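*Asks:* Protein chains in written order, with our numbering: chain A, 1 to 345; chain Z, 1 to 345; chain S, 1 to 345; chain Y, 1 to 345.
Take these hints with a grain of salt, some might be off.
Since the list can't tell identical chains apart, any single copy or any two copies may satisfy a pair.
Restricting the straight-line Cα-Cα distance to at most 30 Å, the calculated cross-link-like pairs of lysine-lysine (DSSO-like) are [to be verified]:
(1) Lys6 / Lys23
(2) Lys6 / Lys309
(3) Lys57 / Lys134
(4) Lys301 / Lys134
(5) Lys134 / Lys303
(6) Lys257 / Lys309
(7) Lys112 / Lys6
(8) Lys335 / Lys54
(9) Lys134 / Lys115
(10) Lys157 / Lys301
(11) Lys310 / Lys134
(12) Lys303 / Lys23
(13) Lys51 / Lys310
Honestly, the hints are just simulated from the structure, not real lab data.
All figures in this text were calculated on a predicted structure; none of them were measured in a lab.
Number of protein chains: 4
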Amino acid sequence: MDSPKKIMLQSDYLEGCHPNILKKLYETNLLQTEGYGVDEICAQARELIKKHLKSDKVDIHFLAGTTSTNQIIVEDCLRAFEGVITVESGEINVHETGAVEATGHKVIALTKEYKLNPEVLDKFFTVQENDPLKEHTVRGKMVYITFPTEFGLLYTKKELESIYSVCRQHDAYLFIDGGRLAYALACSDRTGIKLEDLPNMCDIFYIGGTQCGAMLGEAVVIINDELKRFFRFYTKQRGALMAKGRILGIQFCELFKDDLYFEIGKKAVDLAVYAKEALIKKGVKFHVDSYTNQQFMVLSKEKYEEITKKFGLFYCSEDNGQIICRFCTSWATTKEVMDQFIESF
Amino acid sequence: MDSPKKIMLQSDYLEGCHPNILKKLYETNLLQTEGYGVDEICAQARELIKKHLKSDKVDIHFLAGTTSTNQIIVEDCLRAFEGVITVESGEINVHETGAVEATGHKVIALTKEYKLNPEVLDKFFTVQENDPLKEHTVRGKMVYITFPTEFGLLYTKKELESIYSVCRQHDAYLFIDGGRLAYALACSDRTGIKLEDLPNMCDIFYIGGTQCGAMLGEAVVIINDELKRFFRFYTKQRGALMAKGRILGIQFCELFKDDLYFEIGKKAVDLAVYAKEALIKKGVKFHVDSYTNQQFMVLSKEKYEEITKKFGLFYCSEDNGQIICRFCTSWATTKEVMDQFIESF
Amino acid sequence: MDSPKKIMLQSDYLEGCHPNILKKLYETNLLQTEGYGVDEICAQARELIKKHLKSDKVDIHFLAGTTSTNQIIVEDCLRAFEGVITVESGEINVHETGAVEATGHKVIALTKEYKLNPEVLDKFFTVQENDPLKEHTVRGKMVYITFPTEFGLLYTKKELESIYSVCRQHDAYLFIDGGRLAYALACSDRTGIKLEDLPNMCDIFYIGGTQCGAMLGEAVVIINDELKRFFRFYTKQRGALMAKGRILGIQFCELFKDDLYFEIGKKAVDLAVYAKEALIKKGVKFHVDSYTNQQFMVLSKEKYEEITKKFGLFYCSEDNGQIICRFCTSWATTKEVMDQFIESF
Amino acid sequence: MDSPKKIMLQSDYLEGCHPNILKKLYETNLLQTEGYGVDEICAQARELIKKHLKSDKVDIHFLAGTTSTNQIIVEDCLRAFEGVITVESGEINVHETGAVEATGHKVIALTKEYKLNPEVLDKFFTVQENDPLKEHTVRGKMVYITFPTEFGLLYTKKELESIYSVCRQHDAYLFIDGGRLAYALACSDRTGIKLEDLPNMCDIFYIGGTQCGAMLGEAVVIINDELKRFFRFYTKQRGALMAKGRILGIQFCELFKDDLYFEIGKKAVDLAVYAKEALIKKGVKFHVDSYTNQQFMVLSKEKYEEITKKFGLFYCSEDNGQIICRFCTSWATTKEVMDQFIESF
């Protein structure tokens with residue numbers, strides 16, 4: 001455990017939650033509501049999100065935790081012998097202790113690139129469809145992408161449209177893991193993608209709360225009708241239907257009452273990019289060119305050890321004596337902290 | 001959805017959480033901590049619980065939700081072909097959408113009685129051990145009981161000791177689901193069982209938070225060393241390792257800082273028994289003789305419909321035109337509400 | 001292991017296979033064929049069975065072993081949270097080491113009776129459909145019956161029609177496990193059910209080979225179109241798509257080339273009933289009134305021990321010092337052996 | 001389906017079985033034996049194999065089919081969150097429809113090379129052990145190799161010893177899939193590995209029957225005591241405990257009564273290498289340098305189409321207009337057929 005005096009920058013889930021949410025928890029605490037997410041607070045949260053999505057036709061479910069959410073979506077979408085296609089660095093492939101495989105499904109890691117390329121995807125499907133021994137291989141039926149990606153990268157509207165188009169051509173679902181969606185949406189000038197575009201760009205996605213200022217919670221948005229009917233059954237069977245479901249509704253009521261979700265994203269992204277640019281000027285190298293709240297530096301071992309005496313960083317990997325490590329900003333990060341951090345280099 | 005004016009008594013998870021917990025959430029909100037339950041708040045909560053248990057040798061993990069907790073414990077304890085023994089009315093057998101079977105394990109429902117009888121259990125194990133075709137049947141390896149039971153019943157110290165003794169004789173684990181443990185502990189005069197006794201009476205159990213005044217959270221206590229090593233792996237793989245694990249720590253810090261957990265239990269139990277006794281005097285029949293916060297009435301259809309116009313009750317089943325239905329008390333129930341409820345009969 | 005001199009009557013899979021099958025194995029041994037069941041021998045076997053079924057619209061797949069077949073059919077039919085309804089004594093509930101649960105599905109044991117009653121079934125579905133907390137319980141979506149049952153009992157045409165009618169009313173599949181179908185078909189005078197009737201009486205069933213004179217093999221007949229498309233994928237994923245699939249085809253080519261399957265059933269049934277009647281005359285009690293190749297006697301311990309010195313019997317259970325035990329006939333049983341057996345009482 | 005006149009060389013499971021096995025099936029057909037593999041024929045087969053292994057301490061189980069065998073071994077060895085390490089081309093990773101994932105376990109594909117390199121393996125384990133977030137990644141606990149590999153390659157004694165040594169250093173099991181073991185053993189001059197060496201070189205392996213002249217069957221050899229106790233339970237639960245288990249025993253009785261297994265391997269390997277050398281002289285290119293019964297040619301599309309008019313080949317993949325395709329020899333292949341095949345180029 002880190003000493004309390006060290007400033008922690010390794011992730012975006014190191015503080016509690018945005019104060020507005022706490023306030024709402026207080027205000028509603030004595031209100032009696034039904035359990036399991038059929039209460040009026042959840043209903044209100046759903047309405048607020050639909051308004052932002054400019055769509056009435058989607059189903060919205062509130063879950064807690066990204067790994068659990070990924071599992072339930074995979075189970076909702078796939079038959080036993082079908083698999084999920086992702087990049088090698090995909091969260092579900094590397095950091096979830098085989099949670100997807102634990103549901104019985106193969107994760108098909110298509111490429112070492114950090115973003116999924118529609119052409120690579122199209123080729124995969126074509127080979128699959130021409131395979132004379134179809135029954136002997138896992139059928140890739142769902143494509144999984146994170147937005148932003150695990151390394152903070154972004155898809156443009158055109159890229160995402162291409163991927164979705166390939167999916168539809170080959171009768172596969174597109175699932176967008178938006179665990180950190182606020183930070184991607186803060187870059188809509190760069191990507192061309194607004195929240196309201198997502199219902200036209202995939203079959204199912206989720207709006208991450210836990211890593212974007214909520215105490216806990218992810219809002220699953222189901223667009224494709226085929227995927228709607230049994231979602232609550234899968235949720236309950238996986239132990240993810242919260243008794244006090246209102247707690248999740250409260251998070252999203254506040255995040256989407258006005259534009260809080262977007263403000264949280266923007267603030268964190270601005271601070272992260274501010275730090276990145278300052279550090280580049282100081283000669284620090286970055287592993288990738290991220291414009292989101294996650295930044296991946298490449299430091300010498302000595303530098304890494306020096307910095308981590310004062311600041312918590314997330315260790316990713318070591319390559320030829322160089323260490324790839326992450327710093328993150330969140331709703332709670334201040335400019336003062338970022339300045340101190342920049343200073344320390 | 002019930003109208004907001006109706007007083008809801010169908011369960012004990014219809015309000016937010018005890019105000020002390022909200023206060024602690026506020027106070028710690030800006031504190032930076034590690035994720036995934038290795039933070040100092042969780043550490044503190046573990047220490048407080050151990051103090052109450054008067055045991056230093058147990059492992060404690062914080063999870064959210066009883067179904068999820070049951071699944072993870074089952075996975076931690078059993079090999080693929082092993083099963084869980086329970087009564088037919090056991091929560092895992094009837095109200096979790098096959099969550100245990102979804103982990104691949106059979107739930108072996110031993111009896112229609114609401115409490116597990118040590119002799120019935122012993123006979124089951126004896127038959128199993130003498131079966132010449134052992135490999136053709138599921139091996140009952142874990143016994144599951146709820147305390148209090150699904151119908152609010154209690155085991156006495158002697159009964160629990162007998163069950164545990166049978167388990168040990170037959171090389172099986174005893175797992176106590178304490179989703180509503182506070183209400184059983186409030187009856188220790190009646191049962192002879194205090195919290196500190198539990199580490200001597202089973203292999204693994206949990207202290208329910210969600211249904212006992214917390215916003216969410218269950219504290220798993222692992223006593224048997226065989227079950228300790230990999231619990232976090234199972235938790236993560238099941239999507240149940242919360243990123244902001246401190247939220248769970250905070251619940252249990254408050255519940256066990258002083259005697260809050262016990263006070264919550266006592267208050268609810270007292271009010272429930274108060275209502276039960278008053279209702280009996282008014283001629284209301286009860287399905288079982290419960291001394292905990294769950295009370296099961298047997299009402300005519302007409303009476304049921306009349307009462308549920310003003311009070312939310314949990315419908316259990318119908319038998320010969322009579323309806324079995326539950327009312328519950330919680331940390332938030334007041335004597336005024338109970339008096340109104342009694343009055344309405 | 002039993003001494004070689006003891007005559008074994010405990011089951012119907014104690015010898016090799018009908019000599020016609022061995023002959024066919026010899027004749028085709030050097031023929032080259034495709035693997036995995038797409039060869040011309042399997043194609044021929046499918047045609048022969050379809051001719052007997054008087055139906056061209058069914059899909060037929062050859063598998064090896066009843067437990068494996070049950071698992072694959074369950075996986076083909078059910079979503080994760082759906083379960084299989086059966087009687088308590090159902091093979092899948094008691095003698096397959098939790099094979100169905102291992103696929104993640106609950107086995108819902110509806111009754112202690114040995115045969116499923118359409119009214120009990122109808123009531124179950126009605127309760128299920130009216131359950132306000134549907135997502136909290138396993139959804140019974142498939143009904144499983146064995147024909148003949150585990151205790152050798154038979155359904156009449158009317159009974160089976162009632163069960164199937166209840167299934168269709170409640171949007172559930174009916175699956176008939178015909179592991180010992182030959183022996184039920186030998187009783188068509190009594191039941192009114194011929195092989196050609198089955199495609200009108202359920203959604204999926206199988207024609208057992210292993211226990212009806214084949215070396216190994218069960219022929220799955222899929223009637224309901226919804227269940228056809230992916231059967232081979234499930235089969236392969238479960239490790240049940242035999243490389244030398246022709247071996248299975250050969251079994252069914254011989255069994256259905258002429259009327260061998262029916263002759264095997266009839267011969268065994270006649271001998272079993274012959275022995276039953278003779279034994280009843282000698283005062284032996286039977287647990288149920290079976291007209292198939294399985295007969296369940298109720299013997300005193302002393303008698304059981306005396307008889308099992310000379311004849312292998314299958315021990316079922318003990319009740320008040322009486323032993324329920326089974327004797328079986330098969331394609332290989334002779335009248336001489338049955339006479340010796342009768343004599344010994 | 002191929003026309004009957006075409007000579008099929010695509011695999012080694014296209015004919016029935018070695019005539020000695022058929023003969024034994026005939027001779028034992030009327031013998032009565034216990035079911036489920038506890039009969040005297042299986043016992044005898046176990047003794048014969050143990051004699052060849054020069055080891056009395058191993059457990060031997062007979063299963064049918066390699067995919068099923070792989071699944072059961074994986075389940076026997078691993079906890080839910082543990083995974084199997086293999087090369088990308090590993091059978092379990094590409095050709096079993098996600099059978100391993102269907103048991104809940106991740107297949108960790110370590111390298112694009114066709115053989116597993118002990119150094120790569122060692123590095124993987126070292127990274128795993130130093131991972132500060134162990135619970136967030138699948139724990140590689142078993143190493144899977146095929147011998148010979150999917151592309152007919154061989155490990156030398158030294159290579160296998162290195163791999164096993166790395167496994168033991170890192171507390172992982174080594175599992176050798178010997179689906180085509182006969183053909184590797186036929187190359188013991190080249191590898192230095194005899195059958196009797198295997199119990200010293202891994203924790204568990206199997207001796208393939210189906211692809212080495214048997215009608216069906218694989219003999220699992222368990223060396224590590226930790227893996228012995230529950231193997232039959234896993235087998236039954238997976239639907240793989242054959243009722244007429246003696247059929248499997250018969251296969252291995254014949255294969256190991258004398259040296260039939262070794263003769264089958266040698267004959268096929270000699271013919272394959274004979275053809276390879278002749279084809280190389282004729283200018284045919286090979287994808288890898290295999291010395292076993294599987295040979296992988298690289299043909300132009302035109303050549304591939306020309307040849308496959310007369311001979312069945314297994315299509316592997318296409319790369320830049322060149323086709324990689326396999327021909328195999330088996331116990332049934334004759335020199336005449338090979339000469340015809342060579343001639344056709």
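*Asks:* Should Lys301 paired with Lys134 be assigned to within, between, both, or neither, using CA atoms and 30 Å as the limit?
*Replies:* between (48 Å within a copy, 22 Å between copies)
*Asks:* Could you place Lys57 and Lys134 in one of the four classes (within, between, both, neither) given a Cα distance threshold of 30 Å?
*Replies:* Between copies, since 23 Å is at most 30 Å while 35 Å is not.
*Asks:* How do Lys51 and Lys310 come out at 30 Å by Cα distance, when the copy is not named: within, between, both, or neither?
*Replies:* neither (43 Å within a copy, 34 Å between copies)
*Asks:* For Lys6 and Lys23, with the copy left unspecified, which applies at a CA distance of at most 30 Å: within, between, both, or neither?
*Replies:* Classified as both: same-chain Cα gap 28 Å, cross-chain 25 Å, threshold 30 Å.
*Asks:* From the Cα coordinates, with 30 Å as the cut-off, is the pair Lys303 and Lys23 best called within, between, both, or neither?
*Replies:* neither (41 Å within a copy, 41 Å between copies)
*Asks:* If the cutoff is 30 Å on CA atoms, where do Lys134 and Lys115 land: within, between, both or neither? Let me know, please.
*Replies:* Close inside one copy (27 Å) and across copies (25 Å); limit 30 Å.
*Asks:* Quick one: Lys310 to Lys134, C-alpha cut-off 30 Å, is that within a copy, between copies, both, or neither?
*Replies:* between (55 Å within a copy, 24 Å between copies)
*Asks:* At most 30 Å between alpha carbons: which applies to Lys257 and Lys309, within, between, both or neither?
*Replies:* The answer is neither: 40 Å in one copy and 33 Å across copies each exceed 30 Å.
*Asks:* My question is about Lys335 and Lys54: at a cut-off of 30 Å on alpha-carbon distance, are they close within one copy, between copies, both, or neither?
*Replies:* Answer is neither; intra-copy 34 Å and inter-copy 46 Å both fail.
*Asks:* Reference check for the pair Lys157 and Lys301, CA-CA at most 30 Å: within, between, both, or neither?
*Replies:* For Lys157 and Lys301, the Cα distance exceeds 30 Å both inside one copy (38 Å) and across copies (40 Å).
*Asks:* Quick one: Lys134 to Lys303, C-alpha cut-off 30 Å, is that within a copy, between copies, both, or neither?
*Replies:* between (51 Å within a copy, 25 Å between copies)
*Asks:* Please sort Lys112 with Lys6 into within, between, both or neither, judging by C-alpha distance up to 30 Å.
*Replies:* Intra 34 Å, inter 42 Å, cutoff 30 Å: neither.
Comparing the model with each earlier hint shows violations of hints 6, 7, 8, 10, 12, 13; every other hint is respected.
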